[in-house]
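There are 2 protein chains.
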Amino acid sequence: MFDRGTGGQGASSDNRESYDDRLNHILAAATDVIARVGYEKASMRQVASAAGVSLAGMYHYFDSKERMLFLIQFRAFSALLSTLKEKLHGVDDPVEQLRGMVRNHVAYFAANIAALKACSHELDSLSGSAYEEVRQIRRDYYALTRSIVERILAQRPNGVAIDHHLATMCLFSMLNWLYRWYQPGRRRSPAALANQISDQFLNGLLGSPATRNGSTG
Amino acid sequence: MFDRGTGGQGASSDNRESYDDRLNHILAAATDVIARVGYEKASMRQVASAAGVSLAGMYHYFDSKERMLFLIQFRAFSALLSTLKEKLHGVDDPVEQLRGMVRNHVAYFAANIAALKACSHELDSLSGSAYEEVRQIRRDYYALTRSIVERILAQRPNGVAIDHHLATMCLFSMLNWLYRWYQPGRRRSPAALANQISDQFLNGLLGSPATRNGSTG
DNA sequence: TGTACGAACGAACGTTCGTTCGTATTTCAT
DNA sequence: ATGAAATACGAACGAACGTTCGTTCGTACA
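Chains as they are written, first to last, in my numbering: chain A, 1 to 217; chain B, 1 to 217.
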């Protein structure tokens, strides 16, 4: 909305590519710095230096530090949500849908571990309309996941009642806390990690292996 | 170690009480402010004002802002670990031990929701020996919890292998992420929340109610 | 009454922060 | 070739930060 004056002269594709490339480059550097030291301690000077750009030059791409964080979070959550929608297409079994959701989430953030931290840890670092805009995507992501959880719970034998909201938040807890301890490339592949999280969420510690299906990979 | 110069003239008990009370009062105010705005954004001026103390007066109780956060985290994790050890005493069934652990954790932080955030969200805000000292307590807490998880997994039918570390981290994820969404006094009592988290962790979404025991409260 | 000391304070320190300004340099349609 | 727009930069800004300094107040003990 603020980036690139919306007045559209159909600039040469060379320029635009160069502009977008540079923007992506700066955002990637910013994501790394924020993941390492946190949003508040990440200074614009530090990001500029990491990106190989002057301090003042940063303000050609964002009008503020907060806007920079917004772009990082907006892009990450948007990508996460849209790839999830794609992957759910054509899958009917809610259990298989849930496994797909976990696979998608883990795969995305295993490939972008810095983005995971810049999103999970800095959820409250935005304010005002920037915060609300990101929050809306997160809400959509939550609603989609919760609908899967509800379908799973609906086909379950009537036992102790399970709160839908709580169950969904337990799942997000496991996924969002990953940035604290998971190191891609050590011990577990993203696919294996996703499988174990799904198993854990669906069957728990005591769950009988009989109820489990499709979990090699 | 830094608080109260160790050179001991046997000060009157009146003085000492007053000193400790004031220290606790300031730490409580600091915990609230940090929980609300985050450690980096929480200025010493803001904490001083919230505690009703002058800015310079703060430095009679800590020699730095970091030391202040250290005291908050050290006290919280120490209390958590020691109460856990107490409550596990005399309990043999590992499943019941785990339920006790979750109850203890949820109860403590439901009563100190600001402390939960100041601990969970600011795990990396300390550095050097202060960080290491807190980390050691967290390690002990983790080791104790993991030993319970291992005993549960040991008496489980041999099915799909479950990684002990991953399983333990899933539990801590659910507990540590609570500060993001749980509001004490709304909808769920701490005891009911603890029960549902235990159920979720032990039996998962698909777990048969038959394997569940002792979960009314 | 005089001395010593912990507790608390207002004021100021030096540093770092996010941001802005004025000005070069490059790009490119005309 | 030319002029305007886009891009980049060094320098500087005011504000806020954590911390320190010198002082004052109240009280316990000689």
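No wet-lab data here; the hints were simulated from the structure. Take the hints with a grain of salt, since some may be wrong.
Identical copies carry no separate label here, and so any pair may be met within one copy or between two of them.
[Unchecked claim] Computed cross-link-like contacts, DMTMM-like style, restricted to lysine to aspartate or glutamate with a CA-CA straight-line distance of at most 20 angstroms:
no.	residue 1	residue 2
1	Lys41	Glu66
2	Lys87	Glu133
3	Lys87	Glu122
4	Lys65	Glu40
5	Lys85	Glu96
6	Lys85	Asp124
Here is what the structure says about each hint:
1. For a Cα distance limit of 20 angstroms, the shortest separation of Lys41 from Glu66 qualifies both inside one copy, at 13 angstroms, and across copies, at 14 angstroms.
2. When the C-alpha separation of Lys87 and Glu133 is checked against a cutoff of 20 angstroms, the pair qualifies neither within a copy, at 24 angstroms, nor between copies, at 45 angstroms.
3. Taking the shortest Cα distances, Lys87 and Glu122 never come within 20 angstroms of each other, neither inside one copy (27 angstroms) nor across copies (35 angstroms).
4. Taking the shortest Cα distances, Lys65 and Glu40 sit within 20 angstroms of each other both inside one copy (10 angstroms) and across copies (16 angstroms).
5. Taking the shortest Cα distances, Lys85 and Glu96 sit within 20 angstroms of each other inside one copy (14 angstroms), while across copies they are farther apart (40 angstroms).
6. In this homomeric assembly, Lys85 and Asp124 never come within 20 angstroms of each other (Cα to Cα): the closest approach is 26 angstroms inside a single copy and 34 angstroms across copies.
Hint violations for this structure: numbers 2, 3 and 6, all remaining hints satisfied.
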